[in-house]
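Using the hints, put the two standalone chains together into the complex.
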Amino acid sequence: MSNARSIAITGARIVDPASGYDGPGSIIVAEGVIAEVAHTGAIASLSADIELIDAAGAMLIPGLIDLRVKTGEPGSEPKETLKSASRAAAAGGVTSIVLQPDTDPAIDDPAMVDFILRRARDIEGVHVYPAGACTRRCEGERMAEIGLMREAGAVYFTDADRSIGNSKVLRRVMSYARAFDALIAHRPADPYLTAGACATEGELTGRLGLPASPAIAERIMLERDLALAELTGARLLVDQITTADALESLARAKARGVKVTASASINHLRFNEVDIGDYRTFYRLDPPLRAEADRQALIDAVASGLIEVVVSAHAPAPAEDKRLPFSESTPGAVGLETLLPALLAFHHEDRIPLMDLIRAVTLAPADLLGLAAGRIAKGAPADLVLCDLGAPVRVNADTLQSKSKNSPFDGRMLQGRVLRTLVDGRTAFSV
Amino acid sequence: MDSAATDIEDLIAERAFRFPSRHFLSVASLHRPDAEALLSLADAFVGLNRRNEKKIATLRGRTLVNLFFEASTRTQSSFELAGKRLGADTVNMSPRTSSMTKGETLIDTAMTLNAMKPDILIVRHSASGAADLLAQKVSCSVVNAGDGGHEHPTQALLDALTLRRSLGDIAGLTVAICGDVLHSRVARSNVGLLQLLGASVRLVGPPTLMPVGAADWGAEVFHDMKAGLKGVDVVMMLRLQLERMDGAFVPSTREYFRYWGLDAERLAYAKPGAKVMHPGPMNRGVEIDSGVADDPTISLIQDQVEMGVAARMAVLASLAARLDNA
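For the protein sequence lines, the chains are A and B, in the order given.
Under the numbering used here, the final residue of the first sequence carries the number 431; numbering is consecutive throughout.
Under the numbering used here, the final residue of the second sequence carries the number 1326; numbering is consecutive throughout.
Pulled out of the complex, with its shape left as it was, chain B reads as follows (with noise of 0.2 Å):
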């Protein structure tokens, strides 16, 4: 093993951080020194990331469970690769598929698992507080990779470490939060940990996407998009869902686009050199043009999916560190 190898395993072992809490539901646990150190952690996983050799033994013996209710490609992959190269044996579970539609409860479902003894547990589902309720039910540690319009902390953790190896300090941003904020828990969960970190995050969407009392999160609202995106650092899309349509949130497609999508002649109007996020998947020409998405000097998309995996492997290495303590 060479030289920079070793390092880079040092840098873990010297960045090793104890999770503040057993669970991460929201990002609301964390105080700004935990989220830096997160960060850190995560910094140095993605060197790990990048070499041949990706595995360490960090979490060697551990049982992860992916216990997504609801489907994902991306956050499942990440999670389940994250857990792979630390070490842990991962299972991926879609009850969705299996006895949830036989009438087992959520809760059962999870004291299900909890009897095979999981260390962690990572659980998407399409109601709010669900990942809140399982915590309350099981003695492993649980991650919320989504529930329902509430929290996906983790996502806000990767968006974190991509805005900061790519811009540096978080402190002294603008981020302009853009779509259906409504819906979103991406935007929830980025509006806590951006403003933890020292951003200022305006939100920025139709008045019928953007939640009541959005003004008291302390971001300022937006419904016309280029007074929202003038002068900020960093543009994040949020994805519509098309079944929006039917609820009568937005009249259509085009209309959406023509007032709230992102092209370059948007994106002028931020600060120059501004860079572009999305959580994914997208919806090309519906909120965001290919031309911005697909520019690598503007767009940070990519980047996002590779810190996915760095941030969850430091949530997952913290919260075991934890779990060693206990």
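Isolated chain A, as found in the complex (with noise of 0.2 Å):
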């Protein structure tokens, strides 16, 4: 951090949820953290050696922090690496990404955790942050250490895509979790209702003859884990919530005063069911795409502040498993370098407020994870990204920095291009 240059970026637009701030603004970043704020587009008196960045009255945002990402490391290399992963995020104006814990082996103890600490340091690309398994292996049976784990740096516990059925563990998980006030993301799905479900049962589905579940199994096991959050007093994260149903649970359980904060997935402000359309396996995700109701009702939640954070669900998929019959493929798709773009369309289509869609993707998730990062402010690190707010992106899934390209806007129009990308005060990507 200390080798890196003084750094001046001038002329910018800044955006940061932190203050409220929307407007002109300059910056100065030595030693890897902002030194200096200014609501004005130029700096005076800058010193010589000082590298300087016009900004020619781009977006400057804090860098995004995305809660819900997944590569192939270890176990599944060929899909994503860290390194690969490391790449699309800068690419995308992502600075700091969460993986989940089902990789293989999974990170379900401290040296699991201490080795994807340790492989992300030696990369020197984006900030990871390991999320550890609630349960051994992932399997919802026995916990998983999750004291020596956040002492080891896991930043909140969850067995990622897998709901943990037995309500007796998970009570146990949550209200244990209590002694070191951890952060237990769940997947409200009810796992009978959905096994071997790969879409939601409606009327497109039904013609289609693809096995599918009721979008209900959502509310069904929320309204199960927000009782428990109730019943532990856990701090409790929904992961991806997808339906209007569960929307209702999350906020009368907030009105309650649980302890409870849900994220949506990009997927799922973006896309639909009948995007699944003749079989179109970059829409098979998981959980499945909803119907438009249910869309409408996650974009007036992020808009209300009801979905405090908005994620990418990054989750690569290479061609060998996603060129299958759609039942048979896997789900997922990849998202980082398309995130901050595909959610920029809400300011453009005059739908959420900039700001609150920039804080979705930096302030919230740093203040869950009680980071410094995810803000504009003197001390703070120097994360951050340029962004020309206006510019046309068409998205080429061949170009993306990802190893696999199973991404669901390939070939769509999207509005705000990363320019640059600072970790750390570092350049991590500039086009």
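Keep in mind that a hint or two might mislead.
As the list claims (entries may be wrong) - Computed list of lysine-lysine pairs in PhoX-like fashion (alpha-carbon distance at most 25 Å, straight line): (1) K168/A / K254/A; (2) K1137/B / K405/A; (3) K322/A / K1271/B.
Since the hints were made in silico from the structure, they are not lab data.
Set out below in structure tokens:
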């Protein structure tokens, strides 16, 4: 960090949810942190050896913090490595990623947490934070070493895509986690109702003859999770809420004072079940895409703040896992590089204020994890993104940095181009 | 050759039809005139199939591959005979028992076959959309012979041919499709084609075996068999997969038969003279009583098998006509 030259970024439009400031600004970065923030287009009396970046009106925001990222490391490196994921993140303006623990082997003990952190240090890419498993091998049976993993650096605990069906196990996980004030993330999906399903039950999937599960499977499990959070006093992160019904449950629980936060994936905010079309496996996701009414409710919930965090749900799957009949293909989509421009669409559509959109991918996840990043403030880490808000981008999956090219945005037009990404004041990406 | 024999071949030539698309994956690819033309052509092939000399040269030199990932005696032999009677070379593949078990994917198998330059690939697979996927990857024509719970379009065509020959015009008929609609590709294709041809369709079965959203298919949904059969012209029974018992879809075969099985007493609710169909193979005593299934005055089940060959000949011949012009 200390080897980096000081940098001055001038003539930017700063959008910073922490201060609520949206206007002209300039900053100075030194020793990897933000040394000065000025709400003016220029900074007087800069020292001679400073690297000067003229933003020329581009938007300067805190680097994105993505709470839900999968790579294939360890276990399935051909899908994605920490290095390729890190490159993809930087190209997308994401400066911190939280890795899901369902790797092979799973991140279910402190040694694995340490392994991931060491690998990440060697790569010198974006910040990498592992999430630890709630239960050994994410199998939903025996509790994992939550305390030791937290001490080693795990930022929250989850069994990733798998719901813990056994209420006694989840109750104990939540209860135990309180001793460490650990955050528990849980996927609300009734495991019996969703077993074997690859889509949401409805008129379209009925005609396509796809094994499908009812959308209500989400609310059923969420109601239980919320009740257990209330019972134990644990902090709960609802991992990717997707249905209007579940949002009502969430709102009720928040009103009752349950310590709950919900995330939504960008995929469920941008696509609906109809995108499956003629069995397009790039739209096979977990949780599956929902009805348009659910998508609209989800957008409203982001706008109102009921959903606080938006994630990419980055899940690389190579062609051989996707070029299969729909029900046999692997669910998931890559998303690190498209998260920001896809999210900005709600600004361009005048649907959600820019500040609120930026907050959902910066300050909100930072506060949830207790990170100093996610804000443009003196002393904060210099994790920053310069973005041309209006620039058109045609997504071309072949040119993505991810090793896997399974992007549902392939071929689509988005607006908002990342010009430069700084991680601890170091340029991790620039056009 | 007598004049009747050449008349049939003239009729076939006269009714020659060019299939509207390169593949036949779903009945949704047909417009009403296409379906009518296919049925007329198929009708002519019925005559051919009843001669001693059943073979003509329409597909001479063409190669037809039966690629059946899921076992099927009836459909596979029906396509094989259809191909052979049109003069094509036909090859049967059952990848279930060969390379698929060695980890080769559906696409790999298809690409391997494609490299052998077949003209028409007939595919059956247990996954919905498998035929669509293959069609995107190969250069020949693909015929869907059943993909998971999605479609079985040639079955719908042969059912329509059977009905047309037995009852005349399909328009105005009321057809009740009964049983396990949820898992049935036959039901989905028949709903589409029968409605296209102007019939009104009812779906009858227990709620657990009715797809969510079926009411939006333009068909009327009944859970009570007697109400569902009331006044219908045709009762089309579906096969109940016996493994459905394990999935808690229905409690037992005897309870299923009690409420959704077809016997003479139940059939009496339909219009007098109503016909009974079944795509086969039948579970006697589970969804259909032998007394009904075997009564030639009401059952069209044997006719369906015969019409299967003719309907598939019409599909193959019209797809080949398209290849010629390509």
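- Query: Given the hint that K168/A pairs with K254/A, does the C-alpha gap stay at or below 25 Å?
  - Reply: holds (23 Å)
- Item | 25 Å Cα cutoff - pair K1137/B, K405/A | Roughly 19 Å separates the two Cα atoms, so the pair holds.
- Task: Below or equal to 25 Å on CA atoms is what counts here, so check K322/A against K1271/B.
- Result: violated (50 Å)
The structure fails hint 3 only (numbered hints given earlier).
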